[in-house]
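Q: Given chain A, work out where chain B should sit, using these hints.
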Amino acid sequence: MPYTKRRRLVRTAVAIALGATTLAACGSQSADGDTESGPASLTYWTWTPGMDKVVDLWNKGPGKKDRITVTVKKQASGDTLVTKILTAHKAGKAPDLVQAEYQALPTLVSNDALADISKNAGEAEGKFADGVWQQTTLGTDAVYAVPQDIGPMMFYYREDLFKKYGLTVPTTWDEFAETARKLKKAAPEKDLTTFSANDSGLFAGLAQQAGAKWWTTSGDRWKVAINDAATQKVAKFWGGLVKEGAIDNQPMYTPAWNKALNTGKQIAWVSAVWAPGTLTTAAPDTKGKWAMAPLPQWSASDNSTGSWGGSSTAVTTDSEHRAAAAKFAAWLNTDSEALNALAKESGIYPAATNAQTSGAFLKPPAYFANQADFYTKAADIAETTAPSAWGPNVNVAYTTFKDAFGAAAKSKSDFGAALDEMQADTVADMKKQGFEVAE
Amino acid sequence: MKSTARRRSYGVKGAPYAFLVPATVLFALFFALPIGYAVWLSFRKVQVSGLGLGSGARKEVWAGLENYTDALSDSELLHGTLRVLGYGCIVVPVMLGLALLFALMLDSEKVRLAPVTRLAIFLPYAIPGVVAALLWGFLYLPDVSPFYFVLDRLGMPQPDLLDGGPLFLALSNIAVWGGTGFNMIVIYTSLQAIPAEVYEAAKLDGATPLQIALRIKIPMVSPSLVLTFFFSIIATLQVFNEPTTLKPLTNSVSTTWSPLMKVHRDAFGEGDIHGAAAQAVIIAFATLLLSFGFLRAANRRQKQEAAR
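Going down the list, the sequences are from chains A and B.
Residue numbering for the first sequence follows this note's numbering, beginning at 1 and increasing consecutively.
Residue numbering for the second sequence follows this note's numbering, beginning at 1 and increasing consecutively.
FYI, nobody ran anything at the bench for these hints, they're computed from the structure.
Among these hints, one or two may not hold up.
Computed footprint of chain A on chain B; a stretch qualifies when at least three of its residues, placed anywhere within it, have a C-beta under 8 Å from a C-beta of chain A [what the hints assert, rightly or not]:
#	region
1	36 to 50
2	151 to 160
3	182 to 192
Cβ pair distances, simulated, as ranges [stated by the list, open to error]:
#	chain 1	residue 1	chain 2	residue 2	range
4	A	S413	B	I194	32 to 38 Å
5	B	A297	A	A225	50 to 56 Å
6	B	S75	A	K90	40 to 46 Å
7	B	P157	A	K90	52 to 58 Å
8	A	S413	B	L85	22 to 28 Å
9	B	L85	A	T87	29 to 35 Å
10	B	L139	A	A366	32 to 38 Å
11	A	E189	B	R112	47 to 53 Å
Don't be surprised by glycine CBs; every beta carbon is placed ideally from N, CA and C.
Here chain A stands alone, though its shape is the one from the complex (with noise of 0.2 Å):
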């Protein structure tokens, strides 16, 4: 009787650890050895939403043809999805393809997750523009993605009232902050606007509008110049704004946000090229009655934009069919009928040019059926977007954003100060790490 027990046991304990090994090989890909051609399955872990219908025209479209399957797996968005790559990476089980935000792919490859696809995606260059393209390769002859959507900022403001209250759209940073005290003066319980310190990528787009470069490379050395002059000018500016009360402190994205929008206690917003989507649900009963204008100017004689937001698809070192997936990625990012159904599904705006244009950007966003050029206006804005320089660590000096402006906003202190704290926290960071950081 003991004896059969302990046997019935052993044989539990043998079944379990096999299920678990099964259940090891389903989780990786197995290679089919042949890297360049044949039949390929790949796996892209994207957050945008129909996702699944642009994929499908690849897999019954070239898809079929080249027979390379792709399956979407829908992931969070942004900062999330990096760390989960990276935590795939480690056990080397990435997907095939991610969707990667630009200011991710310094992180992403100095943790070397993605494949350097030059050879096979290289030609795509011609449909972006520099300052798109160039976010992908970091500067080096490498390529490591493919840019899917962009983000160009601009100025959204409500026609109507702007009109009550006898405003003109600001077309400098001075303007700006005069409209602002303008308005106050007219109807103190408004604001034209919020400084929110809840969203890194807004003040980074600001920043880089004035010429910031955060990250730049000299050598094999980093440097880390986050308190420049332009940024230390973006920081003062609103800083000042904020603690004269010429605009609201409190974060975007809230209850409050909402209706402070919907009901027009807040009537401007410095936002990007997605603002009528999130216009549409945060307030709704405004449709129709707001207007877009290009970002106000540090000097009447600029013509420049900073980004926010905008992701490209990458393939991962992870993959064993990278050739494959580089294909899938430029057809996905320039094909125009994979184009036309990326902005239809998931309503995108195009990072290759020739799309900013036609098929679904022939017509205005809904939410803004006044103004009939919208598109035509977006797409001038998105060619004077200025270039970005993105680091290894842009997550800590997004986290650091958030919590020394949070503070000084709160408080309506000294902006510059946080600044510094922002690039102190950053290079020390850096130096943690090992990187080789120039002073």
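A: Just chain B, lined up with the frame of chain A:
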């Protein structure tokens, strides 16, 4: 004959171990191993060379106690701990006081509709912490809260609950609202276990209901009070849901407001798994020390009282 006897005795001796195997295996796989891995991670770090781009630029090396000294000298972690202790000083007494009060009231003879009331007090515990925090968060935001609307109409002052000192009250309120019911049930259950003879004797001696509550009920449920206190301390030190959920609504809650939030930020926001592991080990150790220290102190007192 001889051989079967030996085999049987061997089998009987081995049986307890065989019974222990599943539990031990599960414990090792899903408890000891992950903790061991976290401790292992906490002694390592990532070393980057040069620009850190391309393959081979990043390797994991032995860090010794570096992550621990960094964590212990980190002022943010210390401030987070102090914030959480301040929060705990409000939550624990208020929550347990209310739980005891409600339990005693429900246990008194005069109460009506006891089952309904009990359920009503317990119900918030059934609501997930994140949902509760969101719900309260909306009520704290002046622009969307009905409370502020009423205060405004009455011409009363409208405090900013998401800032400074009131923020602690606002966070504590969520925890008290959600946790009182659970603690009340624990205390109430042990009140129900007190034999009726004890009350009868007390009544014959002329004790009033208040005296019964203070002199008989509370001392007799002190083991459950110790237990609920123990749970509350652990929950306080691990507070994460409420401040994380309120964070997007205000500038006053930083990403490092509580120690666990800092661990989460370092691991998943800044990608420093090793530093985060060291902090997690320190927090776990401090929690163990504090809660078991309390448990020992409570036990010692009980023993002293029993000896008297």
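Q: Confirm or reject each hint.
A: So, going through the hints one by one against the coordinates:
1. 36 to 50: Per the Cβ count (5), the hint holds.
2. 151 to 160: violated (count 0)
3. 182 to 192: violated (count 0)
4. A:S413 with B:I194: 32 to 38 Å: violated, 58 Å
5. B:A297 with A:A225: 50 to 56 Å: holds, 55 Å
6. B:S75 with A:K90: 40 to 46 Å: Between B:S75 and A:K90, where Cβ atoms are some 31 Å apart, the hint is violated.
7. B:P157 with A:K90: 52 to 58 Å: About 54 Å separates the Cβ atoms of B:P157 and A:K90, which means 52 to 58 Å holds.
8. A:S413 with B:L85: 22 to 28 Å: For B:L85 against A:S413, whose Cβ atoms are near 26 Å apart, the range 22 to 28 Å holds.
9. B:L85 with A:T87: 29 to 35 Å: Roughly 33 Å apart at Cβ, these two residues keep to the hinted range, so it holds.
10. B:L139 with A:A366: 32 to 38 Å: Cβ of B:L139 to Cβ of A:A366: about 33 Å, so the range 32 to 38 Å holds.
11. A:E189 with B:R112: 47 to 53 Å: holds, 49 Å
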